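There are 2 protein chains.
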Amino acid sequence: MDFQARLSRLANVCVKVGVNVQPGQELIVTAPLEASAFVQQIARSAYQCGSPLVTCLYDDPQLIRDRFEFADEVSLDHPPTWVYQRVADALAQGAARLYVAGPYPDLLTGIAADKIVRVHRAIALASNAESALTAASRINWSAVPFVTRSWAKQVFPDLPGDEAVRALWDAVFEVTRVDSADPCAAWDEHNLTLKARREALQSRQFAALRCFDGRTDLTVGLIDGHRWIGGTVVAANGVEGTCNIPTEEVFTSPHSAGTEGHVHFSRPLALAGALVENLYVEFREGRVTAAKADRGLDTFEALIASDEGARRLGEIGLVPNRSKISDTGLLFYSALFDENAASHLAFGQSYSACVLPDASDPSRPDRGANQSALHIDGMFGQASMNVDGVSRDGHVTPIMRGGDFVI
Amino acid sequence: MDFQARLSRLANVCVKVGVNVQPGQELIVTAPLEASAFVQQIARSAYQCGSPLVTCLYDDPQLIRDRFEFADEVSLDHPPTWVYQRVADALAQGAARLYVAGPYPDLLTGIAADKIVRVHRAIALASNAESALTAASRINWSAVPFVTRSWAKQVFPDLPGDEAVRALWDAVFEVTRVDSADPCAAWDEHNLTLKARREALQSRQFAALRCFDGRTDLTVGLIDGHRWIGGTVVAANGVEGTCNIPTEEVFTSPHSAGTEGHVHFSRPLALAGALVENLYVEFREGRVTAAKADRGLDTFEALIASDEGARRLGEIGLVPNRSKISDTGLLFYSALFDENAASHLAFGQSYSACVLPDASDPSRPDRGANQSALHIDGMFGQASMNVDGVSRDGHVTPIMRGGDFVI
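Protein chains in written order, with the working numbering: chain A, 617 to 1023; chain B, 617 to 1023.
These are computed hints drawn from the structure, not numbers from a lab.
Nothing here was measured: the structure is a model prediction, and the numbers come from that model.
Treat each hint with caution, since some may be false.
Pairs count within a copy or across copies, as identical chains cannot be separated in the list.
[Unchecked claim] In silico EDC-like cross-links for lysine to aspartate or glutamate, where the CA-CA straight-line distance does not exceed 20 Å: (1) Lys632 with Asp688; (2) Lys632 with Asp682; (3) Lys731 with Glu790.
Construct the complete structure from the given sequences, taking the supplied hints into account.
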């Protein structure tokens, strides 16, 4: 199959399985400039599903970098409120949302970490209303990858540019099931597997998860009334979509004060343009008390210092060590892939959709779920990892052994 | 001088002479995808002027065409309200605005005129708040050209693609004074000439203008308390900018019921993707009563039928027959150029900045200025054109003879 045909199939998966655009529903896409040919395929697919209007907000990476180089430093805290607020309004009025994520890992090389953090924080504040709508599954939305030249070069540093781009697209098409005979049917089947896993965990309502191997021993307390999410999500508007393409994970919300122990992150974290390698973190009463890394520690520490919730956990996701993503053997340096290649934790904001409504105590709608302007994923899963579910009475149920599900 | 240096000079003219971006002022740019290198120069220049944030809303021409081809026809009336409303919000809160106009004359070839009109009307309604802010000079804004391949091919149909693009850029750089020793100083001098012309007309307060040559005899009644505009404008926010780069015109607002006679348009009108050639129009009591054209009459008639004001005049602009633009000898098929190459009329919306406040009759703030969702320019000026100013007592003052100013 030629490249355009595969790209068109990926656009169909995004629109039909990912967002599941409904007749009469506007679609708002964000994408980098270099993805315009893909966006055009997405728009065609959405129009064929009955969307009246597809709007793409194109990101220009060069403009992002130039602001750091040419704007007055004091202006980096200036919040781009209007850019995000109207998108939130449109979503609240019924639009669907698609994020085409094209990473530019070398974009901010040489820019000081504290400047990057300031811009990230201003954007996070400005986009708060939008993030709240998607995180709480108020609307149908999805995120999907796009191979940029910059990203391909990072994943395949030894290949010439065009070959690296081709090789990364091959991997993306493989893990997004585009090369299956019927990609949408393959997704339906995969989503059923994730549903069975999430329902098995959901019915147990473990008090905590203990993750352990030779280098990690971490107990993550879960909130009372947590919800496991994975595969499809039925949003509050009634539309069933798949928020991440690809996805292999089931995940839920820790209690913000319930994590104890230490964890070694098995893969680098790609944060604000920097790589954090071999990160090791200790927790007490839910809070980071110490951190070490071979590289990028300053970026990690600057980010988790940006508010109190950034020092605490907002997500734990479980992923089998063998999956379409981990079978590629690649490190993608992208949360959308790597968090689906291995079990992971996230510092910062919880997904409010992971918290069941609590009729008995309306004064604590969050039930201890974490609050932050940030959400930073880090992978700790690997072939040696074990996970136990610990019930309220101390009973232990094996969930994963040697990196694979046993529940 | 190489192309990048000239493009950078044009960006400087846009930012400093056109918009006149102020320290602390956000800049919102609209541009086609293919103009991204130019937008990056604009952003650098704006950041150097102290702007805290430059945001570009990129237009993707292919998405515009694909909507006509793939969306359900009924959805063409769907107004993209949020897309425009958020920009209006930002402008009302202090941002400046720059439109990078890159024409795509062949974009909508084969699409039915009535469909195009429906989409235009929906956009005009949705962008009403923004248009009101710019038309009334509430904020500093500017429009500037960008040479697309599609446009270059239209202007130079006999040249190969790359040569056509080069030739049109040469013309654009010439008329935007980029090749002057000091482009911004050349603009300051030119703007002083336009200021002298507009003040001479302003002080006369003619009751009407009579435009006549062998094929045209049209009397355009002006509103009481009209204002002539040309060169720089001091917006309500106190910032002095130049709304069009290039500009050669002085213009004001007719009374919506005050036009009598007939006019032959000396250049084609480029409307909604179609060309209207050899247009001839008759007026009675301000209203179009008959129209003829060699080509494109259906598009013109569909547009002026879209509301009552679209059948009436909202602008008359006077331009000498010899100017940097007309000296190129080119037909640009773009209002930004052609309306500055020759005297012109516009059907539809008046510029509210052309109406002086009327303290004696607050019930008629518009004083008979025209209202419409549309604004369609057409050129009638040529080497044979004469214009007289007619005062309230019938006294006649020659303004232009044989295409040139004599006032």
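Now for the hints, and whether the structure bears them out:
Proximity of Lys632 and Asp688 under a CA criterion of 20 Å is satisfied inter-copy only: 17 Å between copies versus 44 Å inside one chain copy. With identical chains, the CA atoms of Lys632 and Asp682 are at most 20 Å apart between copies only, with a shortest distance of 19 Å across copies and 36 Å within one. Taking identical chains as interchangeable, the C-alpha atoms of Lys731 and Glu790 are never at most 20 Å apart, the minima being 37 Å within one chain and 41 Å between chains.
Of the hints listed earlier, the one the structure fails to meet is number 3.
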